[in-house]
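Kindly produce the complete structure, drawing on both the sequences and the hints.
If you read the sequences in order, they're chains Z and L. When you line the first sequence up against my numbering, it's residues 1 to 348, in that order. When you line the second sequence up against my numbering, it's residues 349 to 659, in that order.
Heads up, some of the hints might be wrong.
In silico DSSO-like pairs for lysine-lysine, Cα to Cα no more than 27 Å straight-line [said to hold, decoys possible]: (1) K386(L) to K256(Z); (2) K274(Z) to K647(L); (3) K416(L) to K386(L).
On the chain L side, residues computed to face chain Z include the following (Cβ under 7 Å) [stated by the list, open to error]: (4) L389; (5) S391; (6) H392; (7) S404; (8) P406; (9) Y410; (10) G413; (11) S446; (12) Y578.
I should point out that these hints are in silico values taken from the structure, not numbers from a laboratory. C-beta: ideal position from N, C-alpha, C; glycine also.
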Amino acid sequence: MFNSLRGYFSSDLAIDLGTANTLIWVRGKGIVLNEPSVVAVRQEFGNRGGSRSVLAVGADAKKMLGRTPGSIQAIRPMKDGVIADFTVTGEMLKYFIRKVHEKRLFQPSPRIVICVPCGSTQVERRAIRESAIGAGAREVYLIEEPMAAAIGADLPIADPTGSMVLDIGGGTSEVGVISLGGLVYATSLRIAGDKMDEAIINYVRRKYGLLIGEATAEKVKIDVGTAWHDSEARQMEIKGRHIADGVPRSMLINSKEVLAALTECLQGIVTAIKTALEQTPPELAADIADKGLVVSGGGALLRDLDIMLREETGLPIVIAEDPLTCVVRGCGRALEETESLSDVFVHE
Amino acid sequence: MTTAHTNPANSSPVSGPGAQLAQARNDLHWSREEVAAKLHLSSHQIKAMEEDNYASLPGATYVRGYLKSYALLLGLSPASILDAHSKLTAKPVQQDFSNIAPQREITSRHHQIRFTTYLVAAIVVGLAVAWWVGRENRPPVPVTATAPVAPVPEAAAPVAEPSTAVTPLPEAAPSPAASPTTSSAPAPAKPAVPVAAPASPVAPPVTAAPITAEPKPLPITGPRAQLVLYADQETWADIRDARQVKLLYETVPAGRAVTLEGVAPVSVFLGNASGARIEYNGKPVDIARHQRGMMARFKLGEEAATVAPSP
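Below, the structure written as structure tokens:
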């Protein structure tokens, strides 16, 4: 009863708890928060082994990534789309929930919709649910990411026609075939933005003997990265520590090299799409061949990804509008239409 | 694919995105089929886009995606094409998901079902209670006479006249119960209501008194017994005669005297033995002898029953 009273003073939230970024959508306001899923934790040493306190969350914490002293850890509590550090995830969620309820007198107790990768296990889903409840949620609904992406992209998921969606996030890429409000086929692969960054780091280290950080690799991917060999050529300067000399060096990297680094990841995604098409019933496959594949998530912003996918799969490719927020918008709509979309929520 | 071309659409007066796209395609001397092959769409979809006929195309998300791809292929600005599309079409209506809303079947948790269940249960319980109370209120035993015992000393008003409450059974041998009640027990206000009818096996007694538990027409096997119970304190009494007829089976309030008649021997059970006195055939009975704690359970008239001739 007290919870419902507190719920009266809370706004319902939809959260895209992503590996790279956490987005929060508030009923009646839209997307109010888009911050990196990073938490900076300070280790305080004391007589009893010390304690950990949260120093910064979100964008402030991301600036500390790779630049922290021994007493501070900049942690990404989500890994591969699921919780890697339960306590820190709870703290991060609590921080974000309070941030969107700044002007409230009472401690917020909202209803929350959170998306989960479709390949996540029961334990991983339970961890996300418990984490949200620990952060003060009154009720927690889980929704699978391909479904949320499809709703966010405003695909006709309720119609008796096949719709295919590819969501390339930070930790996972999700492929889903949806018809009549349900997932006919869904798969999740742990090849996404983080793996691409890692591939760029490895490529640069292997080819030039230069160690670069995750932040630099991400910038390379965004600025000069491409998925198609005929794309406009670009190049940028990167700085890192040379492995042999141990001193900082700078060098130029061009889009062809980035494409070479990303090829393996992109092939993994293409293979997942082809596998999904193989597993899809023929009638739905015909619908998909007619309408095409909708791509969402931050990975959809990789330059000329649509051309590469179109040539590799033979499908028309549609990049969703505002692909970064597609999933959280879908979660928000599911929250708004809880009654009609009650079947899309995941029950453990 | 994204090689820059001159943008003829910018200099074109046409406003619809389809016309801009068609004009740009013609400027490049591409056929619809060529464009369709490059975009992996069908030529009729290209035609529909160029004619701004979006009804034959899938939903707004797909249409805008196709237009964007087509614009990029032709080297046009996707933003201007999408703006033109937005101006041409009404604000896109969101997909309706109401048709996949599950039909909520009424389960036992539904408030209507719950209310009905509680109502039915309440009615059943109410009826059960009413039946039970009605059953309890029925006069359970053939009380021959009840009279309040005046709280005066015993010798206050001796009664020497015969008790008219005693009606000897025709079959029974004359019993001492028919003799005048000369007990020293005070009964000054005893109305001596003649209630008890003769318990005949042939004709069941018909009385005007509220007697419901009439003795069954069992053969009488013993002599008549008259018993007077004086309740100085409230006591539970269960008194049955030789036929197991409940002569008294109730809580007797304090200050009441009950006169009972039956067939000897009579079994007596008193809940509050110290608060009651009994006269059996005019003679006081020593209850204390049978008392166990507060209760007393004993039989009266066993000797008489054994010597009494059977009918």
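Now the hints, each set against the structure:
{"no.": "1", "hint": "K386(L) to K256(Z)", "in the structure": "23 Å, holds"}
{"no.": "2", "hint": "K274(Z) to K647(L)", "in the structure": "99 Å, violated"}
{"no.": "3", "hint": "K416(L) to K386(L)", "in the structure": "14 Å, holds"}
{"no.": "4", "hint": "L389", "in the structure": "5 Å, holds"}
{"no.": "5", "hint": "S391", "in the structure": "13 Å, violated"}
{"no.": "6", "hint": "H392", "in the structure": "11 Å, violated"}
{"no.": "7", "hint": "S404", "in the structure": "11 Å, violated"}
{"no.": "8", "hint": "P406", "in the structure": "5 Å, holds"}
{"no.": "9", "hint": "Y410", "in the structure": "5 Å, holds"}
{"no.": "10", "hint": "G413", "in the structure": "3 Å, holds"}
{"no.": "11", "hint": "S446", "in the structure": "5 Å, holds"}
{"no.": "12", "hint": "Y578", "in the structure": "60 Å, violated"}
Hints 2, 5, 6, 7 and 12 from the list above are not met by this structure, while the remaining hints are.
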